[in-house]
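Sequences are here, hints too, so could you generate the full structure?
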Amino acid sequence: MSEPRARLTSPKRYELVAAVLRSNIASGGLPPGFVLLEGPISSLMKTSRAPVQAALRILEDEKLIYRFGGRGYLVGRAEAPAAPMRRDIGKLGLRIPNEIGTALQNRGLWERVYEEVETAVAACLIFGEFRIIESELGDYYGVSRTVVRDVLGRLHERGLIAKTQSSHWVVGALTAQSVRERFQVRQLLEPEALRLARDRIDLERIGRVLEQERTRNPSTHGPADGTQLERALMDSCILRAPNGHLIELIRQNQMPLAAASRALTKLGLPEDEIAVTEYLMLFELIAARAIDAAAVYWRQHLKALAEKNLARLKIVAVISDAQFGVSYLTPIELT
Amino acid sequence: MARNTRKLPSPALHSQRTLRVLGTDISLLEAVRKRASSDLGFKIEFEVLDFPNCQRKAALNPEAYDVYDQCFHNLAIVWFWGALQPIDTAWLSCWSKVSPLTKSGGVDKYASRGFGDAPMNKLYVQPDHSLGAEETQHIAMLPAVHNFDSFGYDTRVFNADCKQRESWGMLFDPRAKGKLALVDEPAIGLFDAALAAEAMGALHFENICNMSPVEIAALFKFLSAKREEGFFRRCWRTGQEAAELFRRGEVAIQSMWSPAYNELGGSAETIKDAVPAEGYRAWHGGLSIARHVTGPTLRMAYEYMDWWLAGWAGAVMARQGYYISVPQAVTEHLSAAEWNYWYDGQEAAEDLLGVDGETVVVRKGARRSGGGYLERARRIALWNTVMDEHNYATRAWIRFVAEVNGKSR
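As they're listed, the protein sequences go chains A and B.
According to our numbering, the first sequence is numbered sequentially starting from 19.
According to our numbering, the second sequence is numbered sequentially starting from 923.
Simulated from the structure, these hints should not be mistaken for lab results.
Since no wrong hints were added, every one of them can be taken at face value.
Label-pair ranges, simulated between beta-carbon atoms:
no. : chain 1 : residue 1 : chain 2 : residue 2 : range
1   : A       : R198      : B       : D1273     : 49 to 59 Å
2   : B       : Q1059     : A       : E325      : 20 to 30 Å
3   : B       : P1218     : A       : L285      : 28 to 38 Å
4   : A       : V203      : B       : H1255     : 56 to 66 Å
5   : A       : E325      : B       : S1015     : 32 to 42 Å
Keep in mind that this is a model prediction, so the values were computed, not measured.
Heads up, the beta-carbon is just placed ideally off N, CA and C, and yes, glycines get one too.
As structure tokens, then:
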């Protein structure tokens, strides 16, 4: 057990990214007016864009960076604007403290394993119950028991797996009952979170999404992406509610639904086009700051969405059990 | 599509075209195909598959057929895969004559509606493209062939002379241990087993046609125990297989489909079609149009659907024990003796022939079990159903059937 056991409680990736940027702003490595763009930062830090987005928002809240007319953020304070400086952040020779660099790299391995396991788990929960064999999982990825435990711990936290009385990790089947119950929870929590988030909604992003969809030409841009619209709603509105505990509950409740939905789409199940127009209707209400009406509308939408998800789950029955290429997931017989 | 384009007489054009129909052997008989083709003036191809394979192909490969001839309960799957298109009832000349069983849920107001997927609940296309009972101009499936199923049993094993009360619970009667078969289709056979378990008092379902995961687990625990005790002989997928099991004396009791009674040969004397105290497991078939169909093929599809309900095909179906959704049209194509036996529940006034027009399938003096159409249609316990937990139940069912059939071979 050479690896530190502290991974699960170690700083989150966006915190690490924020720390690197913060220290370089303080040291002058990132000068006032420097244009910070998500893409180049994520390649420099070898991470996806989501933690970079979150890190930039934190720094904006800390008033270390600010938005301007163009894409990205400018280093410095909005009250003392500097001329935008567009240079390759990779060539600035930013200082990345050793411990943070190592943490980012370790986290990279950890997260890659996590992401793959999460995808495999999500793909199998529509086919019934499965047991996860810890030793097989470690062998499969060539990682230590500590990493395996961290990965499983996170899956557990996110509600994707459970531990039986005999201490076995199992992937519970995604039943219609659990779908129905989770949608009931969504109907209870999400409209309320939207109300609480009233003054913190990213109206600019919602405006951009609306503009983009109004001018969408399906023949050149393809159909609207429901998943992206849902993400915009979550990140820019609902998850901005000033109640960390509530946000955690919402995230955890959604996780298996979202994972299963991605898996179903991958299997070729048709997407629901009507849902897209419903999201846009909701965004119109939010953009008009009719938040109470939007909350009521969202509750109704979730009710209808539950029915559609149930219908979608039934039709999976025509697909034979997938041949899992992963040795660490074994089916559990019902009888 | 404008309504006034309907029914353009274009036989010359049609004669070069082919309408492809996907379905099961319930209704896709060769005699029907030939007659439809000659009456309608275009070629017709039938592709006949068993239930699960037919449904899978319909859902995943809609380009492979034009018309889908199957059951209402599997609309829960095929419709939601987006494989079918709404049928405009204004384009159908038969629509106003379709019986109230599908339009309002029962043959009359006193009839039992039954649990589960009553066709009415899947009939009309709703504004949000889902299916429901709220009447609209468009339907997902044109109701056609249907029946009220039960099980068949060997009277020699069950001493039927004593006029015992017939119940689904008989499936697990120890006298038939080792000689039980079920139809292998989770939206059908699973309910035969569930009706039996509930009738015996072994299990109780809050809603037998919408079981919870806990109830499903309990049902499979029950079935697994019965399998280990040695009750099961086989699970079958076609009526011919069922008939053969009885003919060979391999089973003493099993799920049964009406045409299989006509194929029992010498065993017919001792096999009885049960009238279960709990009621029948009903099903309703119909015709749908694949999503991709347009233009002349679409017109052919509508003509074919109207033809199905015009009487001739319904008469053929009657001779294998099935009913049709426009019964009055059938009277012209059945003899009085046939109508009286198959639809009216009266004693056969003469020997009656089967669909081949040669084989005697009903002896003079026989009476159809369960009585006339209305009498049988009023006693529906449940409908073949795709439950909310269908996916979960299907996977358990597949494993159960593999165990039964693996051991019987």
